[in-house]
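K.L.:
Sequence:
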Amino acid sequence: MSASWSHRRSFLGAIAVIVALTGATACSPAPTGPSWTPTLVGWSGTTGAFVERPLAATPAQWVAVIEMSPTTGPTATSTNLLLFPRTGVDGAPAATPSQTIALDDNVAGLSMSDHVIAVRSRSAIAGLDTVHLYGVDPATNVWSQSLGLPRGLDVNAVVVMDVTDTALVLGITPSPNSLSGVGAVLVYPLTVSSTTGAISGSFLTAASLSPDPAWTASDRAGFGRVVSIEHDWLAVSSGQDHVSVYHRTAPTTWVPDFVMTNPITPGNDGRFARSLSLDDDGATPRLLVGTQGGFSGFGGVPTAGRAELLTRRAVGGWDLTSTISPRDGSALGGFALGVEASLDGDRAVVGYYWAQLPGTGGFAGSDDYRLELWNFGATPSFEAELSVLAPYGGVAQPGQTQAVAVGARLAGSHVSAVSWDVFGSAVPTHFSALSWDRHPA
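Following our numbering, the numbering of the sequence shown begins with 1 at its first residue and continues without gaps.
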């Protein structure tokens, strides 16, 4: 269920940011029949502060949001971690946070498991990354920092992050402007106290994973671009032609278990395995791989995106067991499907369904990149479509050009994402925290 949202770019290549959480609405009474209802909406009107992946959620009834808001002066900001307990109808987030934790202003990543929150801060001047780990006291439900893992990294490197209760994984790839380099994945073992929630570990102890030297230079450089970890299983994408799956056999020993190869080789366009999500809560591990569609050439015919479910056999080996394909009506034949993918049990959230809407105020139109809910059985079945614009009553401003749900996470009957909304030149870009809950759960 851990998704590879930690540093993935959105469909349009932007960094996901949120700059102020200005409000939240409590969940209304559950309607008749299954439906997905927005339950947490934060709308911002300021720009200039960038936070990567500012939203996380877990099955253990928590939603975490990074808030950046102006303080004093034209450019001053404050950065906070907001914790929302999921205590509403069907596990919806509470209307207001139960706890606010002050953070450094240079937050560069957020990940969350049942009992661990990882916040990565970056100092461009010192060239130093630090991952701050917060644990929750099981008696009081209060979160507090108990461990910091400093990492000296190339300030131009791209770093993604995912965390569980037993491990922190960092995917480190060279700068996109780098002419050479090889990606790497570091996995740090963690221990959570069952009585206090305190977290222990060391930045000196980590498993270091590297790409196959036989891969192409671009594939080796992209190794670690997307990561997903769940229990003792880890999936790593190069974003080019390969997905590697590892199994943990000791605290710092990860053994290669499977390699999925891009069926259209060579890809080298960053579309293959744009998103990954592992789930290991059932009888056997499963992996959802999202691949964005492409073009045969400049001005060529678009190819559809897809989300593929891989299931591990009890005796070893993995099988492709289901494929989610674009539904009719998505722009460019479903080109955008596969950019987002998150798996939990027999349900998945994928994106995007590309809906093109009429414009307002004399503008041509708007693009609503929507999330889809699917259920796995003998064949995948479509359940619902989540519009990013719908919680605000449709197109919010004249000249709004697009709305994208970034970093989608699925936790049981709860979906969370960051809405990246781009408007006309007269209105600044807006970012919001969105949450949907299924009724009944």
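Rather than coming from a laboratory, the hints here were simulated on the basis of the structure. All C-beta atoms, glycine included, are put in the ideal place defined by N, C-alpha and C. Keep in mind that a hint or two might mislead.
Stated by the list, open to error - Derived CB-CB ranges, DEER-like:
#: 1; residue 1: Ser200; residue 2: Leu357; range: 26 to 32 Å
#: 2; residue 1: Phe382; residue 2: Val301; range: 20 to 26 Å
#: 3; residue 1: Thr140; residue 2: Gly316; range: 26 to 32 Å
#: 4; residue 1: Val259; residue 2: Ser123; range: 32 to 38 Å
#: 5; residue 1: Leu357; residue 2: Ala250; range: 18 to 24 Å
#: 6; residue 1: Gly345; residue 2: Ser202; range: 30 to 36 Å
K.L.:
Against this structure, judge whether each hint is valid.
P.N.:
Status of the hints after comparison with the structure:
The hinted range of 26 to 32 Å is not satisfied by Ser200 and Leu357, whose Cβ atoms lie roughly 51 Å apart. Range check, Phe382 to Val301: Cβ separation about 25 Å, and the 20 to 26 Å hint holds. Checked against the hint of 26 to 32 Å, the pair Thr140 and Gly316 fails, with Cβ atoms roughly 44 Å apart. Between Val259 and Ser123 the beta carbon distance is about 36 Å. The supplied range of 32 to 38 Å therefore holds.
Hint check: Leu357 to Ala250, Cβ distance near 53 Å, so the stated range 18 to 24 Å is violated. Checked against the hint of 30 to 36 Å, the C-beta distance between Gly345 and Ser202 comes to roughly 34 Å, which is consistent with it.
Comparing the model with each earlier hint shows violations of hints 1, 3 and 5; every other hint is respected.
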